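Using the sequences and the accompanying hints, generate a full structural model.
Protein chains: 2
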Amino acid sequence: MLSKLIKNNLKYSNLLIRNYGSSTKGVLPQTPTPDFPGEYKEPIVKTTIPGPQSQILYNKLNNLQDPRASHFFADYTNSRGNYIADVDGNILLDLYCQIASIPIGYNNPELIKAAKSDKWISAIINRPSLGVLPPKDWPALIENSFMQVAPKGLKNIFTAMCGSCANECAFKAVFMHHQHVKRGGKPFTQEEINSCMNNQAPGSPQLSILSFKKAFHGRTFGTLTTTRSKAIHKLDIPAFDWPAATFPDLKYPLEAHEAENRAIENKCLQEVEHLIKTWHVPVAGLIVEPVQAEGGDNHATPYFFQGLRDITKKYGVAMIVDEVQTGMGATGKFWAHDHWNLSSPPDIVTFSKKMQAAGFYHNIEFRPSESYRNFNTWMGDPLRALELEVVIEQIKKNHLLENVDVTGKFLKNGLLEFQQKYPTLVKNVRGQGTFLAFDSTNPQTRDQMVGLLRTKGVETGGCGTEAIRFRPMLIAKPYHVNQFLDRFSQVLEQMKK
Amino acid sequence: MLSKLIKNNLKYSNLLIRNYGSSTKGVLPQTPTPDFPGEYKEPIVKTTIPGPQSQILYNKLNNLQDPRASHFFADYTNSRGNYIADVDGNILLDLYCQIASIPIGYNNPELIKAAKSDKWISAIINRPSLGVLPPKDWPALIENSFMQVAPKGLKNIFTAMCGSCANECAFKAVFMHHQHVKRGGKPFTQEEINSCMNNQAPGSPQLSILSFKKAFHGRTFGTLTTTRSKAIHKLDIPAFDWPAATFPDLKYPLEAHEAENRAIENKCLQEVEHLIKTWHVPVAGLIVEPVQAEGGDNHATPYFFQGLRDITKKYGVAMIVDEVQTGMGATGKFWAHDHWNLSSPPDIVTFSKKMQAAGFYHNIEFRPSESYRNFNTWMGDPLRALELEVVIEQIKKNHLLENVDVTGKFLKNGLLEFQQKYPTLVKNVRGQGTFLAFDSTNPQTRDQMVGLLRTKGVETGGCGTEAIRFRPMLIAKPYHVNQFLDRFSQVLEQMKK
Chain G
138 MLSKLIKNNL KYSNLLIRNY GSSTKGVLPQ TPTPDFPGEY KEPIVKTTIP GPQSQILYNK
198 LNNLQDPRAS HFFADYTNSR GNYIADVDGN ILLDLYCQIA SIPIGYNNPE LIKAAKSDKW
258 ISAIINRPSL GVLPPKDWPA LIENSFMQVA PKGLKNIFTA MCGSCANECA FKAVFMHHQH
318 VKRGGKPFTQ EEINSCMNNQ APGSPQLSIL SFKKAFHGRT FGTLTTTRSK AIHKLDIPAF
378 DWPAATFPDL KYPLEAHEAE NRAIENKCLQ EVEHLIKTWH VPVAGLIVEP VQAEGGDNHA
438 TPYFFQGLRD ITKKYGVAMI VDEVQTGMGA TGKFWAHDHW NLSSPPDIVT FSKKMQAAGF
498 YHNIEFRPSE SYRNFNTWMG DPLRALELEV VIEQIKKNHL LENVDVTGKF LKNGLLEFQQ
558 KYPTLVKNVR GQGTFLAFDS TNPQTRDQMV GLLRTKGVET GGCGTEAIRF RPMLIAKPYH
618 VNQFLDRFSQ VLEQMKK
Chain A
138 MLSKLIKNNL KYSNLLIRNY GSSTKGVLPQ TPTPDFPGEY KEPIVKTTIP GPQSQILYNK
198 LNNLQDPRAS HFFADYTNSR GNYIADVDGN ILLDLYCQIA SIPIGYNNPE LIKAAKSDKW
258 ISAIINRPSL GVLPPKDWPA LIENSFMQVA PKGLKNIFTA MCGSCANECA FKAVFMHHQH
318 VKRGGKPFTQ EEINSCMNNQ APGSPQLSIL SFKKAFHGRT FGTLTTTRSK AIHKLDIPAF
378 DWPAATFPDL KYPLEAHEAE NRAIENKCLQ EVEHLIKTWH VPVAGLIVEP VQAEGGDNHA
438 TPYFFQGLRD ITKKYGVAMI VDEVQTGMGA TGKFWAHDHW NLSSPPDIVT FSKKMQAAGF
498 YHNIEFRPSE SYRNFNTWMG DPLRALELEV VIEQIKKNHL LENVDVTGKF LKNGLLEFQQ
558 KYPTLVKNVR GQGTFLAFDS TNPQTRDQMV GLLRTKGVET GGCGTEAIRF RPMLIAKPYH
618 VNQFLDRFSQ VLEQMKK
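Chains G and A supply the protein sequences, listed in that same order.
What the first sequence shows, in my numbering, is residues 138 to 634, in sequence order.
What the second sequence shows, in my numbering, is residues 138 to 634, in sequence order.
It is possible that some hints are incorrect.
Because identical chains share one entry, a pair is satisfied inside a single copy or across any pair of copies.
[Claimed, not checked] Below, a list of computed lysine-lysine pairs in the DSS-like style, where the Cα atoms sit at most 30 Å apart:
(1) 534 to 256
(2) 319 to 350
(3) 197 to 534
(4) 534 to 253
(5) 323 to 593
(6) 633 to 470
(7) 533 to 253
(8) 533 to 256
(9) 197 to 558
(10) 323 to 197
(11) 593 to 319
(12) 289 to 534
(13) 633 to 183
(14) 558 to 593
(15) 253 to 197
(16) 183 to 256
(17) 350 to 323
(18) 388 to 450
(19) 367 to 319
(20) 450 to 470
(21) 633 to 564
(22) 256 to 593
(23) 564 to 367
(24) 197 to 533
(25) 197 to 292
(26) 414 to 388
In case anyone wonders, no lab produced these hints; they're calculated from the structure.
The structure displayed is predicted, hence computed values, not measured ones.
Take a look at the structure:
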């Protein structure tokens, strides 16, 4: 196995030299990031996956809870760094990471150390109603976690428990702000106060959030209305009558189709403006993902997002950037929207997943006129802010953004080579940093690919109809990618037959 | 101070003898629950509350996050058992408990011990996407936590992150079930699949959840539609056109007004049936709190809930009992609906708060037809199930339900004495276990009362327009109540002037 790895390294050495100008033939690009202590050397596959022990647990769980979405049962105690262990003794290289949610590795020693501290233990077992009785270290913790990485121009934070609630509460902040402006800052009328208790206008106004086709923003009733990725998410659930614009369906690689893509994006921008001007329910806000992840890793260029910022400014529509999946460094910058060079910051940036803590950044105008309006019992969890604090420290100390850049280039180039070699199986390689994806031939081929990769000890995930998305940890290094490329090469050879 | 406590004990001895037939004059009723190790002896008030340190932190927080709902800044490290410490060195007896969310005391030694275990640490730092990669001990943990206290007749669990999401996902389960039955179990039509992507019927059907006036079920768009407690929660937020029935406005004490209350409840039941039959949006589910907490601690009798169960059965409407605030023992039984003796179990029981873990119980028919339909990234948090496991162990080992019963009777009798002595200040004493409340004169008087109690070192909370609700921990004992009664007596003397 080792000799194969070395051979494999040599195989990719040309690629490395081309991209890194390295004179060290046969070795992988170096990153400033230390190796994860005690990590496995490579995937180990002992059984089918899911294996017999997973199957037993599946049947047990089936009596208690819906188990049908499960891939296998994990052994988190034995998982390390980039590798997830299962109950059958298999060790998989994890490039999917709990739907893009693990930032710095399973059983990270710095997190273990922190979790044993009195500070963490107190936060774990004394979970407060954060809005009512904040802990004494809360303002300092906000400074040392959320504010360390606040998007440029946004000074305030709203904390929540998950990505859906982050977006849901962002929508509420937008609606409150919209009505506050409309009232000219005057108090609520008695008619508003009375009618809202019956869910009727003017107190419960007819207002909308514009989202994009193929978008995913969550599963609660507000966010699910804006989600448009798959019918299975939406069927049978009542929804608001909110508008959806077309997200650019660009040609990849982006740099080779600039004129064509520009025309596509212009058309989409015109549609957004048209919907804002004509939709029968006034548009108070617009929500957009930097990359439509669940919907298929669909990209747009900075030009498109600059256009959205300008249109939303022009019409007084709040711009919400949903960085739940793209945030926290995976594109090589802390926020994907850092790549855009907007004329002014987004009004709201939402986050969760790899941040561990969830919520949104905003400025003071999106703080409601009165207390208790955008409120709930937990208002987030200080434990997850403590976790964020450690994760940010590790990102800085270990140069993980630079690591993402190096690792991402290596992965992308590997995928591009496969795209050349297997053009029907690997198409439209795209992305930035390690936030990468490609399209397969069709949904069945894609699912088969994910399955075959799993039998070789690599955990990946699909998105859209036929894409595979890569969501490795920020600590994934070129040699981890190399293990994937080696196995993927075998899978592709097998599939092309 | 100690002599005052003894005097105070003597003062309440008559009451004790009457209620417990005790021959031990001058001592408080004994409970089978051990004292909390290292707990404070009584409240300690050193400054105004919020004090100067809280004020400094308030100003700091104000630059980062909305601080306006905060009572003071807590020092959780120095909080113990029933007492919460603040940053100014004050120690308050906590009868509000983070909006009814702390079950077994601040810094409970059993929770500290558990939090240091490898099992907990792994759960904390390796948070899974629970639906995709469940931990190996997850089925056993469900058995040993949620299923230990499952409502009679309900065998399945859906896990979530908070009470709003528990209710929101319960609504989704109800809508999916309703449409599944309507389709006769057949697959989705192409028209449904297409129309839902535009948020239009038939794929996004016009369906409703019936709730009650003054109800509180959460803050997200679905649950906020069913919430009707206060305009400030709802203003400016779009809502679905869902119906609300009148919740019985009963006369207290319930046992003295049986005939009158029966008539009121019959009228409300008729209204529920009328709405189900006539509302222009079909009613798929009904949600009800056993006690409307946020809305003012409004009670109904078992007869009313039996009626709701029968009506919902008759019309094929799913009955959701929202036990987010009432669950976990505060009424003296594990679930408040255990007091009702229903003809068949509710279809769904939702929970959060003192359970620490959130979600809902249901039976297999409310599991969606396909996977990934009622789904999200986290699907709850195994850490909070581990916490629930310890809390349940402690409830059983330390006979905390019996403790609630004894402490609750003692508190209720104390309040009834005050009701006699201060009839304009203390009215409509009501409740079961320690889940108790009374009405004050008006909102201003109530707020003044909560404020004065805080200056004497007792943390309580209002609800509705003029009620004070008691939400002590399950470990609160008669001598804690005695400390409150002593201080409340002083407040009432002061206020009657």
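Each hint, compared with the structure:
For the identical chains of this complex, residue 534 and residue 256 are neighbours both inside a copy (22 Å) and across copies (28 Å), given an alpha-carbon limit of 30 Å. Taking the shortest alpha-carbon separations for residue 319 and residue 350, both the intra-copy value of 29 Å and the inter-copy value of 28 Å come in at or below 30 Å. Taking identical chains as interchangeable, the C-alpha atoms of residue 197 and residue 534 lie at most 30 Å apart only when they sit on different chains, with a minimum of 27 Å there against 43 Å within one chain. In the homo-oligomer, the alpha carbons of residue 534 and residue 253 lie at most 30 Å apart both inside one protomer (21 Å) and across protomers (27 Å), since each shortest distance falls under that limit.
Proximity of residue 323 and residue 593 under a CA criterion of 30 Å is satisfied in neither setting, with 64 Å inside one chain copy and 38 Å between copies. Neither within a single protomer nor between protomers do residue 633 and residue 470 lie at most 30 Å apart by alpha-carbon distance, with minima of 36 Å and 63 Å respectively. In this assembly of identical chains, residue 533 and residue 253 lie within 30 Å of each other by CA distance both inside one copy and across copies; the values are 22 Å within and 28 Å between. For the identical chains of this complex, residue 533 and residue 256 are neighbours both inside a copy (22 Å) and across copies (29 Å), given an alpha-carbon limit of 30 Å.
When the C-alpha separation of residue 197 and residue 558 is checked against a cutoff of 30 Å, the pair qualifies neither within a copy, at 44 Å, nor between copies, at 58 Å. In this assembly of identical chains, residue 323 and residue 197 lie within 30 Å of each other by CA distance solely across copies; the values are 28 Å between and 58 Å within a copy. In this assembly of identical chains, residue 593 and residue 319 lie within 30 Å of each other by CA distance neither inside one copy nor across copies; the values are 59 Å within and 44 Å between. Taking the shortest alpha-carbon separations for residue 289 and residue 534, only the intra-copy value of 21 Å comes in at or below 30 Å, while the best inter-copy value is 53 Å.
Only within a single protomer do residue 633 and residue 183 lie at most 30 Å apart by alpha-carbon distance; the minimum there is 25 Å, versus 77 Å between protomers. Taking the closest pair of Cα atoms, residue 558 and residue 593 come within 30 Å of each other only inside a single copy of the chain (21 Å); across copies the shortest separation is 77 Å, beyond that limit. In this assembly of identical chains, the alpha carbons of residue 253 and residue 197 lie at most 30 Å apart only when taken from different copies (28 Å versus 32 Å within one copy). Taking the shortest Cα distances, residue 183 and residue 256 sit within 30 Å of each other only across copies (25 Å), while inside one copy they are farther apart (40 Å).
Taking identical chains as interchangeable, the C-alpha atoms of residue 350 and residue 323 lie at most 30 Å apart only when they sit on different chains, with a minimum of 27 Å there against 36 Å within one chain. Taking CA atoms no more than 30 Å apart as the test, residue 388 paired with residue 450 passes inside one copy only; the shortest distance there is 28 Å, against 55 Å between copies. With identical chains, the CA atoms of residue 367 and residue 319 are at most 30 Å apart between copies only, with a shortest distance of 22 Å across copies and 35 Å within one. Within a single copy, residue 450 and residue 470 get their C-alpha atoms as close as 25 Å, which meets the 30 Å cut-off; across copies the closest is 55 Å, which misses it.
Within a single copy, residue 633 and residue 564 get their C-alpha atoms as close as 14 Å, which meets the 30 Å cut-off; across copies the closest is 80 Å, which misses it. When the C-alpha separation of residue 256 and residue 593 is checked against a cutoff of 30 Å, the pair qualifies only between copies, where the shortest distance is 29 Å, while the shortest distance within a copy is 41 Å. Proximity of residue 564 and residue 367 under a CA criterion of 30 Å is satisfied intra-copy only: 21 Å inside one chain copy versus 54 Å between copies. Proximity of residue 197 and residue 533 under a CA criterion of 30 Å is satisfied inter-copy only: 25 Å between copies versus 43 Å inside one chain copy.
Within a single copy, residue 197 and residue 292 get their C-alpha atoms only as close as 48 Å, which misses the 30 Å cut-off; across copies the closest is 13 Å, which meets it. In this assembly of identical chains, the alpha carbons of residue 414 and residue 388 lie at most 30 Å apart only when taken from the same copy (29 Å versus 54 Å across copies).
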